[in-house]
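S.K.: Sequence:
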Amino acid sequence: MMVIDTLVLVFFAASFLRPKTGRDWTALGSFSAFVVALFTEMYGFPLTVYLLAGPLGNWFPNLGFSHDQGHLWNDLIGWKGDPHLSPFHLAAYVLIIIGFVLITAGWRQLHAAARLGWLATWGPYRHVRHPQYTGFLAIMVGFLLMWPTLPTLMMFPVLIWIYRRLAIREELEVAARFGVIWEEYADTTPRFLPSPRRCDAAARTLSRS
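Residue numbers 1 to 209, in our numbering, belong to the letters of the sequence shown in order.
Just so you know, these hints were derived from the structure itself, not from any lab.
One or more of the hints may lead you astray.
So the derived label-pair ranges between C-beta atoms look like this [stated by the list, open to error]: (1) G81 x H111: 20 to 30 Å; (2) I168 x H111: 46 to 56 Å; (3) G29 x W79: 19 to 29 Å; (4) L150 x L116: 22 to 32 Å; (5) R108 x I168: 22 to 32 Å; (6) T21 x M154: 23 to 33 Å; (7) W122 x A175: 32 to 42 Å; (8) L85 x G179: 31 to 41 Å; (9) E184 x L76: 42 to 52 Å; (10) G78 x I181: 49 to 59 Å.
Just so it is clear, CB atoms sit at the ideal spot from N, CA and C, and this is done for glycine as well.
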């Protein structure tokens with residue numbers, strides 16, 4: 001089951017990203033490593049819960065080791081309902097969906113701009129300079145809310161560093177090609193996290209249309 005789910009999710013991500021360049025494959029490979037580490041523990045023995053059961057056992061005596069009991073955030077807040085309907089899971093679903101939408105929309109806008117020889121500044125690129133990397137990070141945060149593990153928690157900062165390096169390399173190439181146009185765009189558009197001010201402006205524009 002772990003192998004099947006891993007292959008399905010990685011294939012799903014690849015179909016959204018449609019990697020062509022070396023950087024695309026690096027981004028997908030980093031995400032795949034995160035997924036493998038996550039699902040290995042999710043469908044195997046919950047090592048994270050096992051390691052934390054000792055120090056947390058006095059405060060959370062019902063901390064269990066089954067698949068349904070391996071949802072660490074739910075155990076810590078004492079969630080008694082369906083673990084898949086907890087606030088953490090619901091937030092995770094939203095982030096994962098947003099992530100895949102950003103990856104898809106970013107790919108379409110980027111390749112449409114490349115065909116025209118333009119700088120992509122519309123769609124999700126209006127809000128962030130690297131919506132595809134933002135999408136991958138959103139998916140990973142979603143999974144960390146859904147099923148946090150020690151390996152993935154340790155991997156996540158490393159993956160942020162990898163995506164940041166990839167983004168900077170891309171920006172140097174784009175800056176060399178587009179010059180002032182890129183500088184003006186980069187000065188007003190965040191790299192990964194959208195500015196609330198720009199989101200509010202976009203919402204007002206949509207409400208008037």
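S.K.: At the C-beta level, are G78 and I181 separated by a distance inside 49 to 59 Å?
M.R.: Because 53 Å falls inside the window, the suggested range holds.
S.K.: Taking 23 to 33 Å as the stated bounds, is the beta-carbon spacing between T21 and M154 within them?
M.R.: holds (28 Å)
S.K.: Taking 32 to 42 Å as the stated bounds, is the beta-carbon spacing between W122 and A175 within them?
M.R.: For A175 against W122, whose Cβ atoms are near 19 Å apart, the range 32 to 42 Å is violated.
S.K.: Using the beta carbons of L150 and L116, state whether their distance is inside 22 to 32 Å or not.
M.R.: Violated: the Cβ-Cβ distance is about 46 Å, outside 22 to 32 Å.
S.K.: Hint says 42 to 52 Å; check whether the CB-CB distance for E184 and L76 agrees.
M.R.: At 46 Å between Cβs, range holds.
S.K.: Are R108 and I168 spaced within 22 to 32 Å by their CB atoms?
M.R.: The hint (22 to 32 Å, Cβ to Cβ) holds, given that R108 and I168 are roughly 24 Å apart.
S.K.: Given the hint of 46 to 56 Å, check if I168 and H111 actually sit that far apart at their C-beta atoms.
M.R.: violated (21 Å)
S.K.: Go ahead and decide if the range 19 to 29 Å is satisfied by the Cβ distance of G29 to W79.
M.R.: Distance hint for G29, W79 is violated at roughly 34 Å.
S.K.: Using the C-beta atoms of L85 and G179, is the stated range 31 to 41 Å upheld?
M.R.: violated (51 Å)
S.K.: Should the hint that G81 and H111 are 20 to 30 Å apart at their CB atoms be regarded as holding?
M.R.: The hint (20 to 30 Å, Cβ to Cβ) is violated, given that G81 and H111 are roughly 43 Å apart.
Comparing the model with each numbered hint stated earlier shows that hints 1, 2, 3, 4, 7 and 8 do not hold.
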